[in-house]
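For chain A, the structure is supplied; the task is to place chain B on it using the hints.
Chains as they are written, first to last, in our numbering: chain A, 1 to 297; chain B, 298 to 527.
Hints listed in this document are in silico derivations from the structure and should not be mistaken for laboratory results. Yeah, the Cβ is synthetic: ideal placement off N, Cα and C, and Gly gets one too. Where hints are given, some of them may not hold.
Cut-off 16 Å, straight-line C-alpha distance, at most; resulting in silico cross-link-like pairs (EDC-like, lysine to aspartate or glutamate) [as the list claims (entries may be wrong)]:
no., chain 1, residue 1, chain 2, residue 2
1, A, 2, B, 410
2, B, 372, B, 397
3, A, 2, B, 412
4, A, 296, B, 302
5, B, 388, A, 204
6, B, 345, A, 204
7, B, 392, A, 167
8, A, 16, B, 397
9, B, 367, B, 302
Selected chain A positions facing chain B (Cβ under 10 Å, derived; list incomplete) [what the hints assert, rightly or not]:
no., residue
10, 20
11, 101
12, 173
13, 202
14, 295
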Amino acid sequence: MKLLRIIRRSIRDGFKSIVRNFGLSFASIMCTTITLILVALSIICAVNVEHATKSIESELSIIVYLKSDLTEEDINNIETDIRSRSAVESLTTKTKDEWKLELEESDEELKTVLDYLGDNPLMNTFVVYVNDVTELKDTAEYIKSITGVETVKYGESMVETVITIFDILEKVVVVIVIALILVTAFLISNTIKLTIFSRRSEIEIMRLVGASNGAIKLPFVVEGFIIGIIGSIIPICITIYGYVILHSRLHGHLFTNVLTLVKPFNFVFYVSIVLLIIGALVGMLGSLKAVRKYLKI
Amino acid sequence: MKLIEFKQVSKTYKNGVTALADVSVSIDKGEFVFVIGLTASGKSTFIKMLYREEKPTKGTVIVGGLNVGKIRNRKVYKLRRRIGIVFQDFKLLPKLTVYENVAFALECVGLKEKEIRPKVMEALEHVGLKNKVRSFPGELSGGEQQRVCIARAIVNDPKILICDEPTGNLDPKTSKEIMDVIENINKNLGTTIIMATHDQDIVNRMKKRVLLIKQGILAGDYAKGSYKAG
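Next up, chain A with everything else stripped away, as it sits in the complex (with noise of 0.2 Å):
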């Protein structure tokens, strides 16, 4: 019970002292909130970046065309060869009259031509996916040497590029996110250390009525945690409209339509909620150590 009693006056207390020192705490709030609207914008792009790399990715195939002389267990022996390769994520069929009937429901002109050849000309072919786009060149060139494989096609020289691009970008912000977050925390804690070192007699003068230094940290914590809240609402607030906004005036797609921006919703609310934790976490931290400093007098 006294421990409740104690953890209850401090939150009163934590709320207290933030109204009574309002310039000190407003002071620090606006440093979370800068630093946070920055980790916030950092955080997008890192998760967009990620998932453009992905989306560009999982359309990346190999083309498989077959010789048109091979029999239908030649087929099936050449698909479980290239099933059996571990980087070959699926493998779907598609024969020839598959081909022309899609040719010719997409052009008039081309039905007609094909008719007039008469029997198909085109391949029977297979389509693999493979799980990871570093194997796609090494799978491709596999797949070529089998024999009855009559051409490979796969994503461009210039597709290979793009991915190499967006594997060091997705690197790079994420390294900038996490540097963020330490000047984030390094920034609150040294602002919070700067208004608790203008209250150190309080700290003293608690030691002296013989607060125990546990009932001492207590509200600076209480008063850490709810500074690092206040100061994650105005972020959370750009974060989920600044997004909804921007997602749909670009209309959800960055400069060409294979760049496409994560989908708003849930992933807003999820920035939120790391931008909260954030918030919170690095302002407990960051009181517990600066007041830690003066107990030990």
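Structure of chain B alone, referenced to chain A:
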């Protein structure tokens, strides 16, 4: 019954200054003791050891059954809850009201709100400040602030009240009023009082036990002493 005991206590600071040398003294329950001496005589060190602001380098200091030198930093609060301290500079929290300042000492012990209120009012009554409950320290005179500090020190019902120059910042008239408050606490509550002071008039008038500290040595211990005794 010995409440406070110094056994061959010496204190040497890190910079090599010896503040106290081989001091042995004991103080009984209910006593009123003045500690006098010039600035830098070791008087402050003596007082600070009572509430473990300083630790002895040699010897043992026992306060209310606790060995001060052996209390770890994290456990200091256990000692501080058994004693009350009155400071020269009051050390009130400026953002808390008079009531909150006094209640503060009980809150950090974890008492119930119901138990706190009557105790705070009683302590404020002892110092005659019942009508200023809602004021902030900044709105009070020096004498009134010192009364709040005394109320906070006695609200825990401590056996020992340590006063470190409580009248150092006050004019003679206010000092007398404060001394009356402290004397009444000693008489009515039976609290042991140890008071460091420079004020000759007070010491001479009260005729209490006087400990004279001179250059780190206990130079005199007079039963009904006066400042001139040193």
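*Please work out if residue 367 (chain B) and residue 302 (chain B) have their alpha carbons no farther apart than 16 Å.*
Roughly 14 Å separates the two Cα atoms, so the pair holds.
*Return the status of the interface hint for residue 202 (chain A): holds when the least beta-carbon distance to chain B is below 10 Å, violated otherwise.*
6 Å, holds
*residue 173 (chain A) as an interface hint toward chain B, with CB separation required under 10 Å*: Not OK, violated: residue 173 (chain A) not within 10 Å of chain B, min 44 Å.
*Satisfaction of hint between residue 397 (chain B) and residue 16 (chain A), Cα-Cα up to 16 Å*: Within the cut-off at roughly 12 Å; holds.
*Between residue 2 (chain A) and residue 410 (chain B), does the CA-CA distance stay at or below 16 Å?*
Cα-Cα ~11 Å, so holds.
*Within 16 Å, alpha carbon to alpha carbon, are residue 392 (chain B) and residue 167 (chain A)?*
Answer violated: residue 392 (chain B) to residue 167 (chain A) is near 55 Å, above 16 Å.
*For the pair supplied as a hint, residue 372 (chain B) and residue 397 (chain B), is the alpha-carbon distance within the 16 Å limit?*
24 Å, violated
*Below or equal to 16 Å on CA atoms is what counts here, so check residue 296 (chain A) against residue 302 (chain B).*
27 Å, violated
*Minimum beta-carbon distance criterion (10 Å), residue 20 (chain A) to chain B*: 5 Å, holds
*Identify whether the interface hint at residue 101 (chain A) stands, where standing means a beta carbon of chain B within less than 10 Å of its own.*
Hint violated; residue 101 (chain A) Cβ to chain B Cβ min 82 Å, cut 10 Å.
*Agreement of hint residue 295 (chain A) with chain B interface, Cβ distance less than 10 Å*: 8 Å, holds
*Pairwise hint evaluation, residue 412 (chain B) against residue 2 (chain A), where the allowed Cα distance is 16 Å at most*: 13 Å, holds
Against the hints set out earlier in the document, violations occur for numbers 2, 4, 7, 11, 12.
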